[in-house]
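Quick mapping for you: the protein sequence lines, in order, are chains A and B.
Sequential numbering of the first sequence, starting at 1261, is according to our numbering.
Sequential numbering of the second sequence, starting at 3, is according to our numbering.
Among the hints, a few may not be true.
Quick list of simulated restraints, FRET-style, between CB atoms [said to hold, decoys possible]: (1) A:Gly-1657 x B:Leu-109: 55 to 63 Å; (2) B:Leu-118 x A:Leu-1607: 20 to 28 Å; (3) B:Val-179 x A:Leu-1607: 38 to 46 Å; (4) B:Arg-198 x A:Gly-1627: 58 to 66 Å; (5) B:Arg-198 x A:Arg-1635: 27 to 35 Å; (6) B:Leu-209 x A:Leu-1607: 21 to 29 Å; (7) A:Gly-1318 x B:Leu-118: 26 to 34 Å; (8) B:Arg-198 x A:Phe-1389: 28 to 36 Å; (9) B:Ile-288 x A:Leu-1607: 25 to 33 Å; (10) B:Leu-118 x A:Ser-1334: 25 to 33 Å; (11) A:Pro-1335 x B:Trp-94: 48 to 56 Å.
A few chain A positions that, by computed beta-carbon distances, are all more than 10 Å from chain B [what the hints assert, rightly or not]: (12) Arg-1472; (13) Val-1514; (14) Ala-1587.
Because the hints were derived from the structure by calculation, they are not lab data.
Bear in mind that the values here come from a model prediction, so they are computed numbers and not experimental data.
For each residue, glycine too, the CB sits at the ideal point set by N, CA and C.
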Amino acid sequence: MASPALLSLTGVSKSFGANKVLKGVSLSVQPGEVLCLVGENGAGKSTLMHIIAGTFSGNSGEIMLDGASYRPDSPKAARERGVALALQETSILPDLTAAENVFFGSEPRNRLGFIDQGALHRAAAALFFDLGFALQPDRLGGSLSAAERQMVEIAKAARLDPKLLILDEPTASLSAHEANLVLAVMRRLTVRGGAVIFISHRLDEVVAAGDRAVVLKDGVLTLDAVRGDFDRDALVRAMVGRTLTDIFPARPAVVETNPIRFRVEDGQAKGLKPISFFVRAGGVLGFAGLEGQGQRPLARALSGITAFKSGTVSLDGQSLALSSPAAAIGAGMASIPDDRKHEGLALDLPIKMNMSLFALSRQTQWGVLPLRAEREFAEAARERFMIRSTDIDQNVGQLSGGNQQKVVFPRWLANTPKVLVLYEPTKGVDVGAKTEIYKLVGELTDQGVSVILISADMLELIGLCDRINVLYEGAIVGGLGHSEFAKEEIMRLAAGPVGEGALHVLA
Amino acid sequence: MSWLNGSIRSNLSLAVPALVLALVVALIVGIYAPTFLLAGNLGNLVNRVVPLGLVALGEAVVLFAGRIDLSLGAIMSLATALMATLSVQIGWLAIPEVLSDGALCGLFTAAGVVLLRVNPLIMTLATSAVVKGATLLILPSPGGEVDYTWYEMFFGMDEPLGLPLYLIVSIFLIAFVVLGWTRFGRTLYAVGSDERSAYANGVNVRLMDVAVFTIAGVLAAGAGVVMSIRILSGDPLIGDPYTLDAIAAAVLGSVALKGGRGNVLGVLAGVIALVLISNAFNLLEIDTNIQAIVKGLIFVLALVFFMRGKAVETA
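Required output: the full structure, derived from the provided sequences and hints.
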């Protein structure tokens, strides 16, 4: 790298109170480069990013931008120097159009001072075209998909043609196909000489898109390598000090003679064509697929929220009506939803109450739950799941995403279920917490629990499942046994029966 | 028509059902009650549209921002009571005085919402109680006086084309432009659309709270000023039904109770529809208590029919 660095950090440290979050971080970003920043939740990624974007100041160490000293004291100051931060999709205004969202707060105005709606939408259309987004500027924010929201967020940041664009987990909630669109935009920006700092939990993307990767662990840089000098294993090792294979539990092959625990035959629901599958005792059945191919209806049908309209369901050979969540729970089916915040957790209640909700109904006396039982249960669960919190009285809303997810588990596992349905169990969760969740799946299957895992995370499916079914447009288009697992094969099925066109986009 | 692009167009299209409703009601009433189209009755209709229109506009501004204000009827009553006591003492100055008192009521609400973080629904209920108590202290029963010359000047001979019509049309036009084509309006809708996103986009949400409740207070006081001139006195309870009527007019005009959606022209159409319906009841000589029951049911129906879009989309 002979060219001078666009951005260089030398010995940057930052503390919040007594907590040292960054300890002497040094790194540099070249013009036209995609720098991937990887690390577990709490490793200091966001702090570093917010220092560069001007949200936090008061750090020690030296930062240079374009050869000049750089110390932004606000996001606005950073933007004026050409550094923009695209937040996660959460700041889209649903009742304004995509164009109005992009220009919110700096709308073009005519001579009378009124907003020029025509110019605004034309400018947005030009910007979207320039970035390669196929997005109608007059679509309302609320009608945009997660990927489109992310595009609007990126367009907002890219509008000012920044020298350095920071993308904070832009792909976290996207399907593989949508994530590829975002990666394509990053390439487009770098071709024009801009640099991108890309933060992601998805290591495949980091390997695919990163010209350089840096890994933060506990506030220290543990890896700084250019393309070709790092792979997934190297990243994981630098993040957690373990290799990838270690994070999945070693599970014995499920014996074909194990009894069939749970079976669905011709189960049909809205968004789901009649599907049939079964899972043996102690087995893990996976469902793969692109986003929106019937995963959600399947998860909701299995949890009893929106029951199957037709078909039969049986558990241990007994037919079962999954007509309501209560019926499902009563039969021994536990479901952990993907939308924890809305369907799984009461964010304003303490950890102990979230854990004990429904879980301890068998321990009530005359309908009253002994508080001591709740406390003991919660303390034990916090220890078992290694939930990082001050104590069990802390509100769940204050925990990090990964720790929130861990709070959901004990509730369903207080009475060991017969079947556990997991829907995107590790979405937005760091590698450490993922490992815990995977370990738990291993423990449960050892006890004979059957697990149905619906996930977009290919590694997770391959690492945990005995068999993977692939969903496409609400139907199972293929099933792979353990020996046939390969990402390419799953992708080929997920892209649909014809495959060719879609596969091209995925590649 | 590129100036109508974007969210303005989608919000404007929300006003269509209310316009159709107003036309249909006008048609039905016109057929069954021939006196309806007489100039005298039309003038009377305009005079009724003005106070409800002002309160409904204030309510709509609050609703666009995703808040609700249950104190506007009480503020309107207070304004009539103040007018009935002040106008004889200080003349024209009573009007700015009363309007700024309306602003103070709004600021009181805003203080509770912003500083004490009280839910707007509860806070405005409290404001309503406080304002009502103050009103009854000032004017325990209907009375006081507003000079008849004021009536002549404002309402003239109750002809349809007069000052009241010009006032209400120009106020709604100004609101239409300000809410649609200024950054203030855009910010207002943004707060109602998603408060947290608006904050993340750099909006000063607290300042917007102060703005909307103050504007609503001033408009409600304006409605009281007009009402006191019409009845030539003050009435400490006259504003009571206006709170619900204003919300009903906004809902009929497809303003989302969750905020972020709707257009003031729809609100005006909703106001006209409501006034026509109650005028029809009067022309058909239906008992006022029955009218109240029917109005409540209309409100529920309006909620069912006009709120569905928003409820479905956010699910």
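Does the no-contact call for Val-1514 of chain A survive, Cβ to all of chain B over 10 Å?
holds, 39 Å
Starting from the hint 58 to 66 Å, judge whether the C-beta atoms of Arg-198 of chain B and Gly-1627 of chain A obey it.
Given about 38 Å between the Cβ atoms, the range is violated.
Assessment of proposed distance window 26 to 34 Å (beta carbons of Gly-1318 of chain A, Leu-118 of chain B):
Since Gly-1318 of chain A and Leu-118 of chain B have Cβ atoms about 32 Å apart, the given range 26 to 34 Å holds.
55 to 63 Å was suggested as the range; check whether the CB atoms of Gly-1657 of chain A and Leu-109 of chain B agree with it.
violated, 32 Å
Any Cβ of chain B at or closer than 10 Å to Ala-1587 of chain A, or is the non-interface label fine?
The assertion about Ala-1587 of chain A holds, with a minimum of 23 Å to chain B.
Between the beta carbons of Val-179 of chain B and Leu-1607 of chain A, is the distance compatible with 38 to 46 Å?
With a Cβ separation near 41 Å, Val-179 of chain B and Leu-1607 of chain A satisfy 38 to 46 Å, so the hint holds.
Kindly confirm whether 20 to 28 Å is satisfied by the beta carbon distance between Leu-118 of chain B and Leu-1607 of chain A.
holds, 23 Å
Satisfaction of the hinted span 25 to 33 Å by the C-beta atoms belonging to Leu-118 of chain B and Ser-1334 of chain A:
holds, 29 Å
Using the Cβ atoms, figure out if Arg-198 of chain B sits within 28 to 36 Å of Phe-1389 of chain A.
At 30 Å between Cβs, range holds.
Arg-198 of chain B paired with Arg-1635 of chain A, Cβ distance criterion 27 to 35 Å
Since the Cβ atoms of Arg-198 of chain B and Arg-1635 of chain A sit about 33 Å apart, the hinted range of 27 to 35 Å holds.
Can the suggested window of 25 to 33 Å be confirmed for the beta-carbon pair Ile-288 of chain B and Leu-1607 of chain A?
violated, 50 Å
Just tell me: holds or violated, for the beta carbon distance of Pro-1335 of chain A and Trp-94 of chain B against 48 to 56 Å?
holds, 49 Å
Violated hints for the displayed structure, listed by number in ascending order: 1, 4, 9.
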